[in-house]
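Participant: So you can see what is in the structure, the chains are spelled out below.
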Amino acid sequence: MRNQLIIAAMAGAMCANVSEGQTLRAISLGTLGGQSAAWAFDGVGRIVCSSATQPRSNLFHPMLSEAGVVTDIGVLPGTTNAFAFAASGDSVFGMSYSFADLTIKALRWQNGVMGTIGNFAPRGANVSGQVVGFENTITGVLRVEHACLWSAGVLTDLGTLGGNYSWAYDINAAGRTVGASTITRDSQTRPCVWVGGLARDLGTLGGADGQAYAISDAGVVVGWSKTAAGEKHGTAWALNSAGAVVTRVDLGLLSGWSYAYGVNGSGVVVGTSNSRAVVWRGGVITDLNTEIPSGTGWRLDMASAVDDAGRICGWGTLFGQPVAYLLVCMADTTADGVVDGADFVTFINSFGAGDPAVDSAADVNGDGIIDGNDFIAFVNGFTAGC
Amino acid sequence: MISTAIRKLLPPLRRFLSRKKRRRIFASPVVLVGLLGFGSLLIASAAVQPVSSEYVVFAYNELGMHCMQQDFSEMMILPPFNTLRAQVVLKRTGEDPSIVTTGIAVRYAIPANTHSSDKCNFWSNSHALLGVDLAPDVGLAGFGMAGTMAPVADLQFAATGIPATPVDDTGRENPYPLATVSVERNGAVVGTTQAVVPVSWEMSCNLCHNTPGQSVATTILMAHDRLHNTTLIQQKPVFCAQCHSDAAVGAPGLPGLKTLSGAMHTSHSTRMAAVNLVNECYACHPGFRTQCQRDVHSLAGMTCNNCHTSMAAVGSPTRRPWIDEPRCATCHTRPGFEFEQAGKNFRDSVGHKGIACMSCHGSPHAITPAANAADNLQAIVKQGHAGTINTCSVCHSSTPTEPFPHVRGD
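Chain order of the listed sequences is A and B.
Following the numbering used here, the numbering of the first sequence begins with 1 at its first residue and continues without gaps.
Following the numbering used here, the numbering of the second sequence begins with 1001 at its first residue and continues without gaps.
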């Protein structure tokens, strides 16, 4: 083992391929046979995804990915497709439905047991087990969707900003709910927060439309809104404890457009700009594709969530195959969001195995080979920390 | 509930099918599954009451399904390009109804699906593919995800090339999003309807083009290079219709080459046995989960081939893609009834004093009563039940005394 490490280190010293600034590595979260996408962290180490099943059936099921193992959550009886976007403790919440039907059932998968909690579409959940989303309803002669809150077994229509439609996307620990709603005559879709049971317009960057996708426990809301020029820009709103907007910030873009989808307790925001997965740290936007080693086969399209440890999930392609990913620090071989001794042990064990097809933890630079370059990358990453 | 559905379905089927055929259809598992879906539309029928409005608006999609890709970074077969049309009828007491084209604005929106630029990478590749820089969420014909329809031929309005994707804003896949189409006069909304904007990216090329470590597009381009001595792999992203003419996107192609439809159907028709599918069309057209053929014909047990014939025939060089399509009159021969106009397909034909066929019957592949509840909403709201809009009072303020004229508009 010792000789192997020395030889590998020498080889790596000659051709290390991890450049400065490339501090993250992408890990495939797997699939159920078709394409997959990651949407949320559940707080206990699992990542909530959705995946197409085998190409011939080609249906979408919610999927949990944890430490390289995927679990097919399945769909509710009487439905064919399901997507999951949220989790709380031991429960994953999803929308289970059939394309031919207008009804959506709320799926709850709790410790491996499938059940439904009503006819609505869960989109977000908080640590208390409150769930928000939307339900199908009728306004006049229109089939519409209304934001709703499921709390302690009771489903409540959250109403709109005056239009026929609204959607709740997320709820934080304090129960603050954000989403979007149309206004009178459905002429605009506005980002909104629900305060005291009423929808309140969060405002935009000067344009007509916007949507709020996520809220942190600190009250930072992210989404997108239009500028006065009509461009779509990732937007962050800071709320006070009463739910009033304190600041509204244009997060900027790489080019073209940007959407912010997730925010963590430290104010790190993730999303997409011009079809590239991006992160905003301290208000500065960075293409996440530039933070992973080049030549790995990854293209990161969307970053949908970031947890308090700084791990990011989303989706992109790996050698052209669409798949969910997890981004962790370079030396975080245990993928738990922390660089510590456990990572060193994991790296050494995996390095000894030497076969990334068996154990890819030591393939730190993601080039499909375990060699000295990985050793260099690990040491540098371990020194830098996370 | 199923028996109610059967009762509702039987009258139209009696016109065209023998008792023996009807029995066989209702005994088939496919139809029973369809009827379960049909049950849901009857629930909708009970919940949404028909309304009477001075301005009656009909909306429909001209193809019944638009395919598109999810990833445009290497190749484009079809861009996001969905077309919604509408027709507005003025219904006034004591007057004959009239089709209105002036003095009104017809607006469209897909409230649950308002943006696309974060759902596919068409806009970040449009310049490389087509040489145009499109504003995000604006389609190739200049229409966005919401806006005002333009007046077009045959007393209709259209929003052409809406760049909708099959993913709603919450992230849920929905190939059948509902658009709201509203008529405004003097700033007031005077009529509203809902119609499906069908779109899917379920093109299952990966059933065959699935080389490990390669994208599906790369596999396809490499196969094209190998078989046709091209160098497409070096020209990514490739727009197929740049060489193979495609009326679906208005691309003239290069002289001497097969049309895209001809090339695709011909080259694949001999290879479909390898994938052994119940419905081989769904290998490329959406699809196994989308089930784009969802109309009254599918409820009656008919398949794609019953109307479109074989894949080889569809790819025949003598067939003009998007023009030589199945015709209603091939099977429907009811005395006194006329069907498509000369030189036009169902989607472009009008009759009954200028009314588009689709206004009453729905979109192609979604002719009502359809297996998909969303496709039946318009009929349910207008007349209280799914199926052909054949209730005179939808447009007429009093029941006409003259016989119903199911005649062509030409």
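For the record, the hints were derived by calculation from the structure and aren't laboratory data.
Hints may be right or wrong, so weigh each one.
To be verified - Derived lysine to any residue pairs resembling SDA-like cross-links, with alpha carbons at most 25 Å apart:
| id | chain 1 | residue 1 | chain 2 | residue 2 |
| --- | --- | --- | --- | --- |
| 1 | B | Lys1236 | A | Ser255 |
| 2 | B | Lys1236 | A | Arg185 |
| 3 | A | Lys226 | B | His1127 |
| 4 | B | Lys1236 | A | Thr317 |
| 5 | B | Lys1258 | B | Leu1078 |
| 6 | B | Lys1091 | B | Leu1078 |
| 7 | B | Lys1091 | B | Ala1135 |
| 8 | A | Lys226 | B | Leu1090 |
| 9 | B | Lys1353 | B | Arg1185 |
| 10 | B | Lys1236 | A | Leu142 |
| 11 | B | Lys1091 | B | Ala1105 |
| 12 | B | Lys1091 | A | Ser255 |
| 13 | B | Lys1236 | A | Lys226 |
| 14 | B | Lys1091 | A | Lys226 |
| 15 | B | Lys1091 | A | Val141 |
| 16 | B | Lys1353 | B | Leu1078 |
| 17 | B | Lys1236 | A | Val141 |
| 18 | B | Lys1236 | A | Gly140 |
| 19 | B | Lys1091 | A | Arg185 |
| 20 | B | Lys1236 | A | Asp367 |
Said to hold, decoys possible - Pairwise CB distance ranges, derived in the manner of DEER restraints:
| id | chain 1 | residue 1 | chain 2 | residue 2 | range |
| --- | --- | --- | --- | --- | --- |
| 21 | A | Ser187 | B | Pro1400 | 32 to 40 Å |
| 22 | B | Ala1150 | A | Gln110 | 45 to 53 Å |
| 23 | A | Gly78 | B | Ala1150 | 38 to 46 Å |
| 24 | B | Leu1257 | A | Thr156 | 44 to 52 Å |
| 25 | A | Gly21 | B | His1228 | 58 to 66 Å |
| 26 | B | Pro1212 | A | Ile348 | 36 to 44 Å |
| 27 | B | Thr1231 | A | Glu20 | 31 to 39 Å |
No residue lacks a Cβ here, since even glycine has one placed at the ideal position from N, Cα and C.
Participant: Hints first: check each against the structure and report whether it holds.
Facilitator: So, going through the hints one by one against the coordinates:
no. : hint                             : result
1   : Lys1236/B - Ser255/A             : holds (21 Å)
2   : Lys1236/B - Arg185/A             : violated (44 Å)
3   : Lys226/A - His1127/B             : holds (23 Å)
4   : Lys1236/B - Thr317/A             : holds (16 Å)
5   : Lys1258/B - Leu1078/B            : holds (17 Å)
6   : Lys1091/B - Leu1078/B            : violated (40 Å)
7   : Lys1091/B - Ala1135/B            : violated (39 Å)
8   : Lys226/A - Leu1090/B             : violated (37 Å)
9   : Lys1353/B - Arg1185/B            : holds (23 Å)
10  : Lys1236/B - Leu142/A             : violated (44 Å)
11  : Lys1091/B - Ala1105/B            : holds (17 Å)
12  : Lys1091/B - Ser255/A             : violated (49 Å)
13  : Lys1236/B - Lys226/A             : violated (32 Å)
14  : Lys1091/B - Lys226/A             : violated (39 Å)
15  : Lys1091/B - Val141/A             : holds (18 Å)
16  : Lys1353/B - Leu1078/B            : violated (35 Å)
17  : Lys1236/B - Val141/A             : violated (48 Å)
18  : Lys1236/B - Gly140/A             : violated (50 Å)
19  : Lys1091/B - Arg185/A             : holds (23 Å)
20  : Lys1236/B - Asp367/A             : holds (24 Å)
21  : Ser187/A - Pro1400/B: 32 to 40 Å : holds (37 Å)
22  : Ala1150/B - Gln110/A: 45 to 53 Å : holds (51 Å)
23  : Gly78/A - Ala1150/B: 38 to 46 Å  : holds (42 Å)
24  : Leu1257/B - Thr156/A: 44 to 52 Å : violated (60 Å)
25  : Gly21/A - His1228/B: 58 to 66 Å  : violated (43 Å)
26  : Pro1212/B - Ile348/A: 36 to 44 Å : violated (30 Å)
27  : Thr1231/B - Glu20/A: 31 to 39 Å  : holds (36 Å)
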